Amino acid sequence: MTLALISFAIFFIISAIILVTAYFSPIPRKIGFRNIRRRFGNTVLVVIGSLVGAALISGSLVLSDSLDKTFVDIVHRMIGEQDAEITLSEKAYSNKPLPYLAEEETEEIKDMLDIDEVDGVFTSLAIRTSPQKINDEGEPVINTYQIRIDGVDMESLKKFGESPVELVDIKDNEVLISKPLAKKLELSVGDTIRAPYGPLSIDFKVKKIYEENGLIDGWRIITTNKYLTSQLGIPKDSYNTIVISAKGGIEPENYDGPEFEKTLEKALEDFDSDTYELSVMEWKKEALEGYGMKTFVIMFIVLSFFGVFSGILLIVNLYSMLAEERKREMGILRAIALTRLQLTKTFIYEGFLYTLISSAIGSILGVGIGYILVHSLDQMFAKMMSLTGGEDLFKLSFGFKWQSLLIAFSAGFLFTIVTAILSSYKISKLSIVTAIKDIKEKADLQIGCKWIAKTFVYGLGLFSSLLFTLSFFVIRTFMDEGRNQDGNPLAEMTTSNYNDTVDLIQAHVLYIGIQLTLALGVMFINRIAKALLKKDIDRVTVTIASLSNIAITASMITLDSFRSAFMQDAGTALFFILSVSLVISLALAVTYNLNIISTILGYPLRRIGSLRSVVRMAFRYPAENIKRTGITLVMFALIIFLIAYVSMVKATVDQETRKMLLNTLGGYDLIIIPGPDTTMQQTDQIIEDLEDLKDVDRVSKMGQTVVVLPQYKYKDLEEAQYWGDPSQTPSHSEEDSFRSYYSSLPEDFIKKARISLSERAKGYETDEEVWDKVIEDSSKIVLGDAFAATQGFGQQPKISVGDKVIVSDLFEQKDIEKEVIGIVKAQEGGSPSASFSPYIITTNKHVEEEFDENYLNRYSAKSLLAAFNGDNTIEKTNSIKKELISYNISMIMNIDDMTETAISFINSMMILLQGFLAFCLIVGTSGLAIIITRAVHERRQQIGMMRSLGFQRWMILASFFIESTFITMLGIVIGLSTGTIGALISFEVAYQDQPDVSPVFPIREIALICLFVYIASMLFAILPSIKAARLSPVEATDYPE
Amino acid sequence: MSKKEKIVDAKNLKKIYNQGHPNEVQALKGIDLTVDKGETMTIMGPSGSGKTTLLNCISGIDEATSGEIFVAGKDLQKMKDGEKTRYRAKNMGFIFQTFNLIPVLTAVENVEMPLLVTGVKAKEARERSLEMLKIVGLEDRAEHKPSELSGGQVQRVTIARSLVHRPAIVWADEPTGNLDSKTAHSVFDLMLELNDKYNETFVVVTHDEEIAKKTQRIVNIDSGKLV
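For the protein sequence lines, the chains are U and H, in the order given.
Residue numbers are given in my numbering: position 176 of the first sequence equals residue 177, and the series is strictly consecutive.
Residue numbers are given in my numbering: position 42 of the second sequence equals residue 126, and the series is strictly consecutive.
Don't read these hints as lab results, they were simulated from the structure.
Keep in mind that this is a model prediction, so the values were computed, not measured.
Incorrect hints may appear among the rest.
Straight-line alpha carbon distances no greater than 30 Å define the calculated DSSO-like cross-link-like pairs of lysine-lysine that follow [stated by the list, open to error]: (1) K535/U <-> K328/U; (2) K1028/U <-> K229/H; (3) K237/U <-> K159/U; (4) K164/H <-> K1028/U.
Next comes chain H alone, as it looks inside the complex:
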């Protein structure tokens, strides 16, 4: 069996809020974590355990206090903000629990956004986005605004957006947290289907054990430490 390519390699990751103040909180206490390319992994843990902080740090949208984070071979900690943003635009996709879509843009325009940010031509961006919406089963909702879509449809559009530019990794923070059980499973199944189809890496933060069980690996975190 060939050794799998590491897409994420985090070493001794620490995150301290309000450092030096009386209300100092150690959210991450020296975490080591690796994610393989094409893997689907779940981070689980009780509320306040540090799972979202971990996701934010390893995805580069938040600064870790110390430690090393390599994503697709690049050290995120050493990158400047602009460089990190460019890297994120090209190599990462994001799915949040809420506030996923820009309310003034239509579904297809939301999906196009990562492509336009990286300078893809408008025509090509539109074609690829429509294609992606078709894959998530929402081609007939392309011109709808987020407020005209159901919760499940919004998350499907978000998935389409997170994958449209073929990123190296997709980060999902409670992607099904706002959905009913049936819709949650259908949305998550779609993510797994796309993982299978495109060999995309998914790192998911969730509370839902049923959902977590569907991923290849589950990592538990408690009080800032992997358990």
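Just chain U, same shape as in the assembly:
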């Protein structure tokens, strides 16, 4: 809101100043306003160009607003008043199948939560299950996975939060469900749902179906605590979950998430239980981040930067052209005694009306384009998400705020008017003769006081930028000092946050410093060289500086601070600076060498006699108008940069994800994860059932068994630098031995999965040798990638290959010595993989030999792997799902589905990006068309003269066509090459621990997009070219100036 007000206030003040001065400056006002009417075609072009720029700004903001609206909708639908949740974790593993608080403990907690910051608490006994719809014969017909049943205290639920959800009373086995769940299970009021849970099966009757209302969503069933406890055989009023509402209604911005979590933790610090620890989690904001919205927002911000930057370049180009065109008459006006200020005013008054119209229409048009884009993206998401079962979550909602419209309007206005002011000021400073005769401005070559003063300022700038760059080396020392001072904000940070911050600052200082030094260095050297040598050496210095900048950018990835900064969310600004810098550098190098490039490219065309003169004209104009060509190239290349970047990222991530997932299931087609509390007997029963199916070739178990490593105590471990959720680490106290898991895998899985190792013990030449040894010898283990992860996975002891590790059961009654002979290679970004082998890896056979059945039954979670006879098909998967419907299965996933799900998520991200790129493309192509149309206007007399000299119509057309092709192609080449460099830099950073990753350059896809871009540009460019060709010689030469 503040930004909107400030920008609108600036608009208002500038407008007021312009209008007041216009009132008191009749001559500039008359000239300025009459120029608008004088050439209506020109006016329309300038307005359209600025309008596209403003539309892009408002469109970007509207897309951002829509994401905000999507957040709010999700919050209202799925979270409502629920802001935090308290769950239980056992201090020690007990024999209770389901941990819960006794009634008095719950009451004690509720009393502790009676604080100002909290305005609602409800208690629940929550269990997870895969419910089934039961038909009249009592048979399950449809099921779904991972639903939470909340056995609640209805009285506290009805009073929950500021705006409690109105609920009907339920009794006995009645449940309340949401429409999405009813749709999934084809349920109506009165139908029966069965929830398998461990050895139990609990039946419910649907009492009422609600729209999702922030309490009952697609993943939750509400029943009474009385009924659920009675079915589970535990005392009435037992709870394991306490849901809390923070004061301030539903909107997430009404409370500070981390602060609220701290408040709750403090309120509960006196809770003392021998059995349980309370785990407090601020839920709303965490959940929103979990939905991946943060990534979306960051993507949009980066894309908006690119889009807005392209829009600004278009506006700058148009006004520079307009000012150039007016140069001659501005010279005449100066000659007849108009002051420089009056001259600038004429242009500002003219520009004021253009920008007022274009910003108003453009910002409204942007809202319309934003609406179409959000609508199309929503449909694409719906399709994509229906594959993954998340269709209810990803509903993109269109939304826009008046503030955004104000910002877009004011920003469009300000950028345009500032460009108009700067362009006219520059021309008003030209000498009258230079302006009238349209002579190029001569460089300041005379060494005198003015020259020395100016050169000194340049030198000072260069020196300062050098100092700024070199400060890179001392930043850490300064910041370390600050960190040692009590009360300094740096001292409050965790080590990892502090290191990230230092890296971020270092990377920005170094990179921006280098850019500044190069730019100022070129200006300084040029100035001195021109004065001493009396020669223009711009081409040489700019080319050397530009190419050096590209080389420096590419080599920045060898710096640790740069890599670290690049991986952080805040590093997206660095990505933007880097991308723009790469594009501008190459565009500068190309623009300053256009004569050489055009000589080489034009060679084959010049062999054709009649094309010689055409080619000369086509290449000479862009080569002579360096500034205009440069800006057009940058504008165009930025969009192609993004296209190349996005396409490469998409193709490479696609390839790597497929590769990773193919390894994940080691030749099996399905993974079946039984629900929590599934007994060993039930698991064996599932295996038996599966093996009876004709489609199934083999079934294996994959286990995760709790073990401890007595050599390592938690208190001795270093500060954890969590990569993920600390709750992944089994609950423990500081005195406990380090707890981990045995990941026990089937032997054939190990052989086929070919999990890559980052380290091998001495004597093992290949990864295969290591895995063969693990299968053969129970005393050899491989540590999973949780141990190899660069940033840790909870607290991890430092264990190296060759170390002897004692593995024991939870009660430390066994001491089995193992030798670590390998460590699994970490996945993308150095984080532990989502694969099934993150802990201590051995075989099922060895684990079954070492631990008794009771231990495994209680402390081991099992997943099942199944391989089909023949091809992997959706039909076979569905038949297995149907066969296992009566079991409490958490998830059945097919490797193909998993791959498609993972890829579809990436694809949906890419669709979002591509949708935005399409929007940017409008700017690029229409910008080119507008620039060509302006060029036709500008060269009208020259076209007439060329026609008199014997240029045929087709030659004029061909000349413009070759010129547009030349610019478009150069833009495409610059964009493609810098986009590829940008993508390679990203891969180098993102996959730094995976040298096997081979970047993919999807030639076909990129070629098709470039062809489309080229055709679109030509379609836009052809109309003005035809118009130029149609001019008769006399019509063109008679054109009034």
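Fit chain H to the given chain U structure using the hints.
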């Protein structure tokens, strides 16, 4: 005395602007005009008399409403645009008052243009253009852009360009209109010198009586009629 060869033969030439509209203007009212090969002729008349329109029509860069125009024996009125353009490229040279040169090309590149348009090889075009610039006394300005030349130099380059391909006729519309008197005479003298040297035909539109007197024939036009 042998009969001179006619290079231009225009009969009953009429040009009407905005025909059928209330603001209809009869710019040429049935003009008959002939120009002999090697002749230097001036068309004179007050502003708005139709002299530039006459030049534009007989040179083929504008369409006459009716009448016949033969240039070097070819009927321009019957030619299609492409044919007329080709004919112009080969047989005519033009000098205008302003906007004569392409600003992004150097002097020599501007002079080369008519040769390149007609498919002359680059090397030959460059040699002939430099030669022509030498003739007009600007060989040392060959690599200069138009903005780096004086008004007189620009017109000299234009003359070089109009003659480089040895056209049958050169049309000049106020070629000295933008120049001071001394430069104007020097430029015009150069044109006459080249007429003498190469037997080129020059048809010139001018206001300047002093200049006009230097040509072999003066034709006066007023209100669209020869007087």
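For each hint, the structure was consulted:
1. K535/U <-> K328/U: Roughly 27 Å between the alpha carbons, so the hint for K535/U and K328/U holds.
2. K1028/U <-> K229/H: 28 Å, holds
3. K237/U <-> K159/U: 19 Å, holds
4. K164/H <-> K1028/U: 19 Å, holds
The earlier numbered hints are all upheld by this structure, with none contradicted.
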